[in-house]
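Novice: One letter stands for each residue in the lines below.
Number of protein chains: 2
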Amino acid sequence: MNKDMALKELSERFGDRLSVKAADRDAHGRDEGGHDGPSPDAVFRPENTREVADAVKICARYRLPVIPFGAGTSLEGHITAPYGGLSIDMSGMNRILAVHSEDLDVRVEAGVTRKQLNAFLHDKGLFFPVDPGADATLGGMVSTRASGTNAVRYGTMREQVLSLEVVTPMGEIIETGTRARKSAAGYDLNHLFVGAEGTLGIVTEMTVKVYGIPEKLAAGICRFPSLSAAIETVIDTIQIGLPVARIELLDELSIRAVNKHSSMDNPEQPTLFVEFHGSPGAVEEQIELFRELADDRGGSAIDFAHKQEDINRLWHARHQLYYATRALAAGKNTITTDVCVPISRLGDCMLATRADFTASGLFATMLGHVGDGNFHTIIAADPDNPEEMALADQMNENIVRRAIEMGGTCTGEHGIGTGKRTFLEWERGHALMPMRQIKAAFDPFGIMNPGKVFALTDADDALCSGKH
Amino acid sequence: MNKDMALKELSERFGDRLSVKAADRDAHGRDEGGHDGPSPDAVFRPENTREVADAVKICARYRLPVIPFGAGTSLEGHITAPYGGLSIDMSGMNRILAVHSEDLDVRVEAGVTRKQLNAFLHDKGLFFPVDPGADATLGGMVSTRASGTNAVRYGTMREQVLSLEVVTPMGEIIETGTRARKSAAGYDLNHLFVGAEGTLGIVTEMTVKVYGIPEKLAAGICRFPSLSAAIETVIDTIQIGLPVARIELLDELSIRAVNKHSSMDNPEQPTLFVEFHGSPGAVEEQIELFRELADDRGGSAIDFAHKQEDINRLWHARHQLYYATRALAAGKNTITTDVCVPISRLGDCMLATRADFTASGLFATMLGHVGDGNFHTIIAADPDNPEEMALADQMNENIVRRAIEMGGTCTGEHGIGTGKRTFLEWERGHALMPMRQIKAAFDPFGIMNPGKVFALTDADDALCSGKH
Chain A
12 MNKDMALKEL
22 SERFGDRLSV
32 KAADRDAHGR
42 DEGGHDGPSP
52 DAVFRPENTR
62 EVADAVKICA
72 RYRLPVIPFG
82 AGTSLEGHIT
92 APYGGLSIDM
102 SGMNRILAVH
112 SEDLDVRVEA
122 GVTRKQLNAF
132 LHDKGLFFPV
142 DPGADATLGG
152 MVSTRASGTN
162 AVRYGTMREQ
172 VLSLEVVTPM
182 GEIIETGTRA
192 RKSAAGYDLN
202 HLFVGAEGTL
212 GIVTEMTVKV
222 YGIPEKLAAG
232 ICRFPSLSAA
242 IETVIDTIQI
252 GLPVARIELL
262 DELSIRAVNK
272 HSSMDNPEQP
282 TLFVEFHGSP
292 GAVEEQIELF
302 RELADDRGGS
312 AIDFAHKQED
322 INRLWHARHQ
332 LYYATRALAA
342 GKNTITTDVC
352 VPISRLGDCM
362 LATRADFTAS
372 GLFATMLGHV
382 GDGNFHTIIA
392 ADPDNPEEMA
402 LADQMNENIV
412 RRAIEMGGTC
422 TGEHGIGTGK
432 RTFLEWERGH
442 ALMPMRQIKA
452 AFDPFGIMNP
462 GKVFALTDAD
472 DALCSGKH
Chain B
12 MNKDMALKEL
22 SERFGDRLSV
32 KAADRDAHGR
42 DEGGHDGPSP
52 DAVFRPENTR
62 EVADAVKICA
72 RYRLPVIPFG
82 AGTSLEGHIT
92 APYGGLSIDM
102 SGMNRILAVH
112 SEDLDVRVEA
122 GVTRKQLNAF
132 LHDKGLFFPV
142 DPGADATLGG
152 MVSTRASGTN
162 AVRYGTMREQ
172 VLSLEVVTPM
182 GEIIETGTRA
192 RKSAAGYDLN
202 HLFVGAEGTL
212 GIVTEMTVKV
222 YGIPEKLAAG
232 ICRFPSLSAA
242 IETVIDTIQI
252 GLPVARIELL
262 DELSIRAVNK
272 HSSMDNPEQP
282 TLFVEFHGSP
292 GAVEEQIELF
302 RELADDRGGS
312 AIDFAHKQED
322 INRLWHARHQ
332 LYYATRALAA
342 GKNTITTDVC
352 VPISRLGDCM
362 LATRADFTAS
372 GLFATMLGHV
382 GDGNFHTIIA
392 ADPDNPEEMA
402 LADQMNENIV
412 RRAIEMGGTC
422 TGEHGIGTGK
432 RTFLEWERGH
442 ALMPMRQIKA
452 AFDPFGIMNP
462 GKVFALTDAD
472 DALCSGKH
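Protein sequences, first through last, are from chains A and B.
Residue numbers are given in this note's numbering: position 107 of the first sequence equals residue 118, and the series is strictly consecutive.
Residue numbers are given in this note's numbering: position 314 of the second sequence equals residue 325, and the series is strictly consecutive.
Heads up, a few of these hints could be off.
Identical chains blur together in the list; that is why a pair holds if it fits in one copy or across any two.
To be verified - Pairs of lysine to aspartate or glutamate residues, derived as DMTMM-like cross-links and limited to a Cα-Cα distance of at most 25 angstroms, are as follows:
no. : residue 1 : residue 2
1   : Lys-14    : Asp-52
2   : Lys-32    : Glu-399
3   : Lys-227   : Asp-367
4   : Lys-220   : Glu-243
5   : Lys-220   : Glu-23
6   : Lys-32    : Asp-314
7   : Lys-68    : Glu-399
8   : Lys-68    : Glu-279
Hints listed in this document are in silico derivations from the structure and should not be mistaken for laboratory results.
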């Protein structure tokens, strides 16, 4: 009944920008990781921050859950609605509000996507480096602490945020930082909201860093006789401090998927995609050093693309990899996981994982932002075969447990959502208590994206189990 | 009476490592910024984390305030004891626990100082970049979100912390992160404790990043005909993305202070101290680019030091500047302030500040980590002349207000302590509420470094006003 009263009031306030259509609701309850959670009760498309605040205030009054929604491209059930509630779809708030070229920062609304921002910045000689596979919104990327192929050089979303405008769970509007590059003024609220997955408030605007497009870019592909040879080359590269802009590993199955999906004919071998940024002299130096390292491990001659369109084609193929693997595993569900370990343990972790896959008989690809010690696996399993699905889940658990034992983390960039809550407990133990204290302090009614990051109650586990 | 019972129990538990001697207490109630707050009731020197936790539990039971103490080199009254209480002196917990060269991280106790760490790392070809003027402890540097001359290239303490061991205000021991370079696992507790000034817990151990000593270092001095010419050169340098490792501005009065203190004879002109890191080729390229920029603004020929001992001598003089200025202003108090603005506003902010000083007739130097938009002023005033002291305080207020109006922050690196609580309110407004919510959630008894960052009550303002 409370819910009906809330929806009535929201509808009166916002008219047809509040939708209760089944198609709309279902489209907002499903993410790209295959987590089909319950759908929200309604979808609201705000036009400005004031409207977001007003909607949250109405929801707070009636204790109706609020689920922030960007592009719907998250992977761990972040946008499902286990308790029902209002999905606030931020994609319409996509204005680029200010570009400060001289300070290398921009102010944008949370619904701006990474591709939209980069298209806008290109003529100004600037770019925004964080590039998850999907064309996510920046608000979503803030909320999952997203990263991507450039993180080894430019950092993740964590390193890009100078300030956020946030609507709190009580409907207050706050600004978490300034445009200064550094500050020692009070608690670091920027970083508290980065990665909070919408459980502490809704990000409505942000000031983020941008970068000058480097004078020279060179991207290349280098193939290796074995997965371990490729990984060792990555470890060498990072350990000597070579300032590589991107260094991505695709195993042979990933290459097969890329070839099929993008009509390419790369040899099916473990492959590093690398990119170097800098002055022409610096890039030449970096290429030369990398060649030596790769050569020591039996790497192939490197095909370098120097023209922007060739570089774009290369990275487009890489970014399509998740979709490519899903296409290759047609008829199966795909379970994607994501861990990050200290670079010295990357080889151990990936090779043990590969051995585990081989023993299981499942089709699974491995790939990753290996320069950060971060890798993903995409495991295919038949949804109609419970044993296969259970085996896939077991593989996922093994990978996470292995990463944690090696001093790593259960997720490098995808986040917790509903999918990794148990893994977060494995990893953080006692440190979950302060997280819960913050949650309770900010959101005493528990309305902001409930059930994500951690379970609200024991009963919650059943509600949030989701489906792959 | 509660206090007496707490001290009795602490004394029984820790013997003579609990000191109530007046000299000890006074030495722990005074910082380098000249904030002479009330001294703590006792000083405790723990040997391990377990002891810190036990002491905090006893204090929590009796509601006795706890004030974490590192090297006592903070500048805004962070270590004073307006409510009395127990100063926990971490300087004895100074073991270097592990060096992971292959992952470029180290594990240390919080009492390790930056110079101690670098002396230890040097033979391993590694260094830790964050270098506030003082030889602070890493625990203190975490707690004030310290930075220094290398921040423009390597970041501040904010960017170095991979994980912290923290004793919470209830005496629990938590670990805030892992050794993975990035993680999307739950709320970012690392960054919550970095800069919390000991108000949310005591940092006892940490894992921080270290860096390979660059193949080539070159440091140089470039003099300019005017302050604005020097500042414009900095802005040009940052805006073209030149990856300078250090770029420090000293005004002519700062140079005079350095000359006197270090027996040098640098011409008394606005001067940039710069340093470049990288491969020999990259450093040459960077020097050439910088020469062109400096030349365009009338900069002098650059004296470059390439030998490590010459470089060290140069930076030693720079790091002594705070002490040098105090020596030059003998018999006066010095009020140091620290703001940070977007780089495009740095010239406006510094020149308006200089004009303000000139009009005031006070002796004041300007210097700073200008590549970050961060600068300090050190204002001398006669403590026996109330008008002069008031004028100095007014200058400080003007600088902070100007920085905030320009999109900047009231402190780039020194922190809030008791000295800048009002300025924090000016800067953050509504965003103080979530900070207070976190404080109340973590520290329901209000025992952790009370009165720092924000006032506990209105009455607190009188208690914490301190003296310069």
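Novice: If the cutoff is 25 angstroms on CA atoms, where do Lys-32 and Glu-399 land: within, between, both or neither? Let me know, please.
Specialist: So Lys-32 and Glu-399 fail the 25 angstroms test inside a copy (35 angstroms) and across (70 angstroms) alike.
Novice: Up to 25 angstroms between alpha-carbons, please classify Lys-220 paired with Glu-23: within, between, both or neither.
Specialist: Classified as neither; 39 angstroms inside a copy, 54 angstroms across copies.
Novice: Regarding Lys-68 and Glu-399, is the shortest C-alpha distance of 25 angstroms or less found within a copy, between copies, in both, or in neither?
Specialist: neither (45 angstroms within a copy, 50 angstroms between copies)
Novice: Is it within, between, both or neither when you check Lys-14 against Asp-52 at 25 angstroms Cα-Cα?
Specialist: For Lys-14 and Asp-52, only the intra-copy Cα distance (9 angstroms) is at most 25 angstroms; the inter-copy one is 55 angstroms.
Novice: Please work out whether the CA atoms of Lys-227 and Asp-367 approach to 25 angstroms or closer within one copy, between two copies, in both situations, or in neither?
Specialist: Classified as neither; 41 angstroms inside a copy, 44 angstroms across copies.
Novice: Treating 25 angstroms as the Cα threshold, decide for Lys-68 and Glu-279: within, between, both or neither.
Specialist: neither (55 angstroms within a copy, 60 angstroms between copies)
Novice: When Cα atoms must be at most 25 angstroms apart, do Lys-220 and Glu-243 count as within-copy, between-copy, both, or neither?
Specialist: between (32 angstroms within a copy, 21 angstroms between copies)
Novice: Within, between, both or neither: how does the pair Lys-32, Asp-314 come out at a Cα-Cα threshold of 25 angstroms?
Specialist: neither (51 angstroms within a copy, 72 angstroms between copies)
Of the numbered hints listed earlier, those contradicted by the structure are 2, 3, 5, 6, 7 and 8.
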